[in-house]
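Residue numbers (the numbering used here), protein chains in the order written: chain A, 1 to 254; chain B, 1001 to 1302.
Possibly wrong hints are sitting among the right ones.
Derived coverage of chain B by chain A (criterion: at least 3 residues anywhere in the stretch with Cβ under 8 Å from a Cβ of chain A; other residues may be distant) [claimed, not checked]: (1) 1045–1058; (2) 1077–1083; (3) 1103–1116.
Hints are computed from structural coordinates only; laboratory data are not their basis.
No residue lacks a Cβ here, since even glycine has one placed at the ideal position from N, Cα and C.
Letter by letter, the chains look like this.
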Amino acid sequence: MRYRIALLTIVTKEVRRFMRIWPQTMLPPAITTALYFLIFGTLMGQRIGDISGASYMDYIVPGIILMSVISHSYANVVSSFYSTKFQRHIEELLVSPVPNWVILAGYVSGGVCRGLLVGTVVIGISLLFTTIPVIHLGLSCLVFLLTAILFALAGFINAVFADSFDDISIIPNFILTPLTYLGGVFYSVDMLPELWQKISLANPILYIVNSFRYGLIGVTDIDITVALTMIMSFIVALIIFSLYLLKKGVGIKQ
Amino acid sequence: MKALSIRNLTKTYGNGFTALHGIDLVVEDGDFFALLGPNGAGKSTAIGIICSLINLSAGTVRVFGHDLVRHSEKVKQCIGMVPQEINFNQFETVQNIVLNQAGYYGIAYKEALVRAEKCLKQMHLWDQRHTVSRRLSGGMKRRVMIARALVHNPRLLILDEPTAGVDIEIRRSMWQLMREVNEQGTTIILTTHYLEEAESLCRNIAIIDKGTIIKHSKMSDLLAQIKVNHFILDLADRLVKPPVVEGYEIVQLDSQTLQVGIPGEKGFNQLFSELTRQGISVTSMKNKSNRLESLFLDLVGG
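Chain B extracted, bound-state conformation (with noise of 0.2 Å):
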């Protein structure tokens, strides 16, 4: 079953700009699903017109097999929701946030209690759910929003940009979290401007630049399309010119760093030969980009 199907959507504001030119969607249930773009691309468009937050112009939504427009209520049954940015009453503590949200899905009180327990625990805010949500620090206000999206249960939940601006040791967690989630039989689709993000947890992909998709994958087909991997060496001496090694892309960055373009059917060993050859040292080794970063910046125009 699908678990989002969208057809020919399209979306053009008050003001005559057009952010949706008529897009294709689908995602599988029990998907991770990433829709990545550039800013102002259309991806929080087509967010919030899957939530409701977004009155479409022309097009079909689906989701688990409801339509959007007709019937809406049972589409918002299906659907968590968390948003790029903190929509909460920060005058409300943390367990009466998650408990109006049961309340507002029809959740009886003393159900909602457990639930809310359950999720608060869930995203480790247990220890806060009396504390009045304006005092929280910006990564306990994003687990706040999931534990909300969680608490009726949805069948699909939707994630925009929800590690934006928290710490890294935050961010794994949060996506450990999201794992979990995934694992319980929940379709999750991300939005994230952390492509390391996207490649870590997804396994099927959209990209959106300009209000139309540009791409849409699994993670593992996308990634095989990336021809060179490029990586920085760092050197235990200074050169005055770069080594010229025949097959790979070498570009002196300083004196003692070098860029190194590997083709996919080399390897490295070839490489290494050769510089040590040359009487080249090299100390450390990274990646230059997130692999993923490159073909998106390749697809995008960046």
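With the rest of the complex left out, here is chain A (with noise of 0.2 Å):
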């Protein structure tokens, strides 16, 4: 019950200040989104023709929605839990009885949802421009929730290594994005030479795209029980590794 309740306070805390600042969380992916459905799928889309049997909009449809998810996700916890340790208002949890594991998944919960929200938004502006099919919805669901964890988790391990605002900008923009835009949400690896389809398969996102794509339209290009456990795996790491970060005061103590 008691942990239950500073779970709660948390996660309230987080929604409050994401939802606070809205113009800051909600209205940019809606814009960037409508004009990626608008440049890539609808005007370049009809020159590029259909991958795998499916229109170009709705191949990188999956891959878009899960690019906001993935950022918005990451975005906020890297920037609260950071922000909570240079404002020093991490010692109000520190010297509170609530075990690690209620910090962690209370930080963690509070991205998701921004992620899942922004997602939400995003899965809307693309109604605008496409009919989605959604052919496996509890797959579809699923992905949606594992990345959107996947990636709160990777933010939280920023913000706990992170010694400055510079530090919580560098693997956004220099690992996260990269990755994304390599991650298969605008082409099939099929597409790759032999060699980059096999340096493509260490990247994370492919799995999570694919995953995703398969569930919204029946399209893929891995095998989604390796997949599954692929992005499985990597959060287990995560938790293991936050968890231990947290134990130790990592970041947070001297």
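Bring the two chains, given one by one in their own frames, into a single complex with the hints.
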């Protein structure tokens, strides 16, 4: 009961935070994705034609939805937890009888809420341009949720290690964005030379995008069982690592 | 019962600096306890360890019998902490800061609302409850931190320089609040640079210097060690040289001001009689410094 209240307090605080600044958190992804759909889907897509039997617009919709989930679940946790450290109100949590798993779950849930909310907004925008068949609803929802959890966890770890505001933008700019664009959002890995196809298999975003695409339109480059196993493995590894960092007090205790 | 029991507490930071060299400290339940020391003496490190903000290197800390390492959640449940620096979210309202803290302690929202109202009224902040905290004055921000620390009814309240930088009027009103909290049964540990504050509020005291406890006693016992009290006398007329009165140390500070050391066993009467006899008229008199301050400086070699 006590932990549930503490968890709810952190989650409510986090949701209130990103809703308070909704013009910064909700509006930009809606505009950006509308432009993606307009330029890549409608204007260029007509010339590109079909990929694996799906229209180019339908092919890129799952990846673009997940791009927004990835970037916003990550950004929410990394900026919020780093600000908490920077302004020292992390001490409010450290002096309280809140177990580490509740702190982690609270911040990750905040990131998941924002990721899913932005993802839902993007789904709404995409419906203005195309119809999404949703072949496997359960799988789509699962991947949607797991993606938000995975990248909220990654954002948390980034925030734990960050010593400056620069540190919270380096990973998203130089690692996350390239991985997202190279994760098969706009193309099928089958279109790449064999060497690059093998290199692409090391990119976790490839598994996520393909799983979600399979759920929505029934098209994938990757075996779904392998993809889900990879996603779950990443999540478990990041949870264990995050709890270890909190236990040791890395970045938050002296 | 002991509110706090520290044994052989040692802290060595990652850079090799040892801030605490195996200190021992006991604070009884219900006490108002002063922990004093110069800057960098180890006070904040000790408090940081007790409040789980800093990991200890060696030793044990027990709060109301609960071991800090083995039962940290029980220890945290007992402690309320008011830090030196402002450490709440400056974008939250005053009420939300207190409500969030109650939530972290597992207090249900309805109950938290009642407690927040009580604490904010006690700190004279109820009218500011919807104000975003960054808009508050320095004194109000400090009171927010006290209200936040009290919302879960801690048995041990730790105040790390709570009145630093606040004006004298607010400081006095905060003293009154702290006395009230202590009278209601909460044990208080206070660190402060205002030694007058410690002398006025605290019953027991420890002085820490260079990571070692150099004094741990009752406040009254410590003050009884004062052998000579120093006073500043303002004179009606100019003096060419200081008067000589047997048994008193007299130093002329300027032509109309004297500093007089009065031994504990001697009184004022003999001094004033002798000064009157020498034709010296005193217009006013004040303490050279706070009594505890003199002792403190002697102990830490200031």
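Going down the list of hints, with the structure as the test:
1. 1045–1058: Check passed, 6 qualifying residues.
2. 1077–1083: holds (count 4)
3. 1103–1116: holds (count 7)
Checked against the numbered hints listed earlier, the structure breaks none of them; every hint is satisfied.
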